[in-house]
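These protein sequences, in sequence, are chains A and B.
Here the numbering used here is used: position 271 in the first sequence is 271, and no number is missing along the way.
Here the numbering used here is used: position 77 in the second sequence is 480, and no number is missing along the way.
None of these hints come from the bench; they were simulated from the model.
Don't take each hint at face value.
[What the hints assert, rightly or not] Below, simulated DSSO-like cross-link-like pairs (lysine-lysine); rule was C-alpha separation at most 27 Å, straight line:
hint, chain 1, residue 1, chain 2, residue 2
1, A, LYS109, A, LYS149
2, B, LYS554, A, LYS375
3, A, LYS372, B, LYS537
4, B, LYS407, A, LYS372
[As the list claims (entries may be wrong)] Label pairs and their in silico Cβ distance ranges:
hint, chain 1, residue 1, chain 2, residue 2, range
5, B, ASN416, A, ARG371, 31 to 39 Å
6, A, LEU349, B, TYR476, 30 to 38 Å
7, B, LEU510, A, SER76, 47 to 55 Å
8, B, ILE452, A, ARG177, 44 to 52 Å
9, A, ASP284, B, SER415, 49 to 57 Å
10, B, SER481, A, PHE364, 24 to 32 Å
11, B, VAL566, A, GLN70, 52 to 60 Å
12, A, LEU349, B, PHE511, 23 to 31 Å
13, A, LEU361, B, LYS537, 13 to 21 Å
[As the list claims (entries may be wrong)] For the chain A half of the interface with chain B, some residues (derived, Cβ under 8 Å), not all of them:
hint, residue
14, ALA283
15, TYR346
16, GLY363
17, TYR370
Ideal Cβ positions, reconstructed from N, Cα and C, are used throughout, including at glycine.
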Amino acid sequence: MKKLCQLLLCLMLVAVIVAVVPHNATADTSFDDDSYQNTETYKFLQQFVADNPQRSNQQEELLAADWIFQRFSGVSGVNVAMEQFTVNGDYIYQSQNVVATIDNPNTNKSIVIGAHYDASASSQGANDNATGITALYLTLQRVAAYADKNPLPFDVTFVAFGAEEQGLVGSAEYANRHFGQLENVLVMFNIDSIVNGDYLYVAVENKPTDMEDLVLSCTKPSLNLTHKPYAKGTYGVIDMFGYGYYETIQGSDHTSFRLEGVPTVFYFSGNYNVKLWDFAESADINKQTMNTPMDSMSNLNKYNGSLVVERIEGVADSIFATITNSTFEQVAGNARKQLVNLKFWYNPLWPTLVVVALIALLGFLAWKHYRKLQKGSILGTAEIKNTTVFHQPDAEDIFTFKK
Amino acid sequence: MLKKLMSNYNLSNILCKVLFVITFAFSNWQAFMLAANIFGGDNSVVIAIISALLLGVVLVFIVPLIVNFLLNYMRLYSIPRLEYILIVEFFFTIGFFINGLLSLIHLFTPILLGWGTVLFPFLVSVGCTYAFYKVTAKMYFNDVTVVYYFKALAVIFFVASFVMGVL
Chain A
1 MKKLCQLLLC LMLVAVIVAV VPHNATADTS FDDDSYQNTE TYKFLQQFVA DNPQRSNQQE
61 ELLAADWIFQ RFSGVSGVNV AMEQFTVNGD YIYQSQNVVA TIDNPNTNKS IVIGAHYDAS
121 ASSQGANDNA TGITALYLTL QRVAAYADKN PLPFDVTFVA FGAEEQGLVG SAEYANRHFG
181 QLENVLVMFN IDSIVNGDYL YVAVENKPTD MEDLVLSCTK PSLNLTHKPY AKGTYGVIDM
241 FGYGYYETIQ GSDHTSFRLE GVPTVFYFSG NYNVKLWDFA ESADINKQTM NTPMDSMSNL
301 NKYNGSLVVE RIEGVADSIF ATITNSTFEQ VAGNARKQLV NLKFWYNPLW PTLVVVALIA
361 LLGFLAWKHY RKLQKGSILG TAEIKNTTVF HQPDAEDIFT FKK
Chain B
404 MLKKLMSNYN LSNILCKVLF VITFAFSNWQ AFMLAANIFG GDNSVVIAII SALLLGVVLV
464 FIVPLIVNFL LNYMRLYSIP RLEYILIVEF FFTIGFFING LLSLIHLFTP ILLGWGTVLF
524 PFLVSVGCTY AFYKVTAKMY FNDVTVVYYF KALAVIFFVA SFVMGVL
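Okay, chain A solo, but in the shape it has when bound (with noise of 0.2 Å):
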């Protein structure tokens, strides 16, 4: 009797626990803890959203640009600009980066990590990029850190782009205003949403190359961090919404770089499964919330939970670890060597030369081709009176030929 209450309580205990216990628990396991709150990280990237909830038009740009402005300047050995802009798009308006640089004085190489500050009209951009901003803003530290008790061979500058969202204005202006440098620029990295997809992604180019080998090399596992699928997110002529294969039309500020030739290496998050050949944020509708009302602080914090820190944090360590590898500056120095030559393959140009010069061949194939058929024809012009059908004398009497 003894042995079957201690069953029947056993049971009892066992129901209970399944009962209380949330089925997805697995899943949201990290939502219980919140101690990845009172991180700097999270502090860093709150404060953002709380100080420029809105960041789509002049004065609320100014007024992010001005906040970012300011904590830079607070890292030790970093000189801060800022350049300003007009935006061409909907609407017009001025706009600026928020240029920091580590500088070595004696090189003219350098590398560029930026990310965009903007947000699209009413969305607080919570992942859409204030976590890319704080990760922009922890490498930074990280960097100016370690540069100041080891020189780094380069020049590295940060940049906090604005008008991302009007059509990648701010990187473009960056890339125009110092197109002269660019030339000298090993690598641009790009961080851009990087928390609230399902996947953790790297698209370096769309196809092995050693920059993507030493970024994964240098990444904590940890982290997740996968490359891009190569051969996803084309239809036709055009990648769908950017992340994808085209890399001469991708969805972020290094396609302004990566279109004047410069290597790149971008992190995003988002899920290649969901769709067909095409970028997702995520395979949970709940989630998708890019460029809407429902990125916000909330809703970051409601579907990855200590997830935000952890990315954002994973993201600037892999920065900072690949920038700082033995082996960086000679696999940069080669990864121009590795870039898919856009000018040759995705220049409409050139197929189009060729399938003139085709239609000339043809031309001439079809003349020739034609000339035969007249002969054969007796239909032909005086050449044929030659041939044995017009050798009667009275043939011109039939037939009129041309002079």
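Please arrange chain B on chain A, whose structure you already have, making use of the hints.
Then chain B, alone, in the frame of chain A:
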């Protein structure tokens, strides 16, 4: 089986038109996916396929009109029109099918996308037009009339190639 099919105009006509529509969709589904995404805000495969099939059906009705117009313009009155249109649609079907197969290469080697999008349709159209000319020239023209037929077909082909492949 094939002989029976060739001797039955109605069956051949229906079969050819159905295949024309299907192969048109097969050849152009990537472009329709793109259009569905841009204009519909969605990348639905179903929308793209339905759009392609619908346009294919429309083309089935437009192709005979164009062929009739061109035959009248070229003053080629001695050709049996319905049969000739059937052959035109048959070669279009073959062309669409081959182009569709070649377009699948883009999925596996997207780097060829830029060149393939321009070159594949042109190369396929060259091959199909030549085969079409050889077949129809043998069927409907003699050594004398084939000269004019070749000239007319060549002009149509080069104008169409230049407009669609270059412009």
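| request: Mind checking the CB of A:ALA283 against every CB in chain B and telling me if the closest is under 8 Å? | output: 16 Å, violated
| request: Under 8 Å, Cβ to Cβ, is where A:TYR370 needs to be relative to chain B, so tell me if that hint holds or is violated. | output: Nearest chain B Cβ about 6 Å off; hint holds.
| request: Below or equal to 27 Å on CA atoms is what counts here, so check B:LYS407 against A:LYS372. | output: 37 Å, violated
| said: Checking one constraint from the list: CA of A:LYS372 to CA of B:LYS537, max 27 Å. Satisfied? | reply: 15 Å, holds
| query | Can the suggested window of 47 to 55 Å be confirmed for the beta-carbon pair B:LEU510 and A:SER76? | reply | 51 Å, holds
| task | Could you check the hint for me, namely that B:SER481 and A:PHE364 are 24 to 32 Å apart, CB to CB? | result | Since B:SER481 and A:PHE364 have Cβ atoms about 30 Å apart, the given range 24 to 32 Å holds.
| field | Verdict for B:ASN416, A:ARG371 (Cβ pair) under range 31 to 39 Å | value | The hint (31 to 39 Å, Cβ to Cβ) holds, given that B:ASN416 and A:ARG371 are roughly 37 Å apart.
| query | Is the gap between the beta carbons of B:VAL566 and A:GLN70 within 52 to 60 Å? | reply | This hint holds: roughly 59 Å between Cβ atoms.
| request: Verify the proposed pairing of B:LYS554 with A:LYS375, using a straight-line Cα cut of 27 Å. | output: 14 Å, holds
| request: Given the range 30 to 38 Å, decide if the beta-carbon distance of A:LEU349 to B:TYR476 lies inside it. | output: 33 Å, holds
| Are A:GLY363 and chain B close enough, Cβ to Cβ, to be under 8 Å, as the hint says? | 6 Å, holds
| query | So the hint says 13 to 21 Å: do the beta-carbon atoms of A:LEU361 and B:LYS537 match that? | reply | The hint (13 to 21 Å, Cβ to Cβ) holds, given that A:LEU361 and B:LYS537 are roughly 19 Å apart.
The structure fails hints 4 and 14 (numbered hints given earlier, in ascending order).
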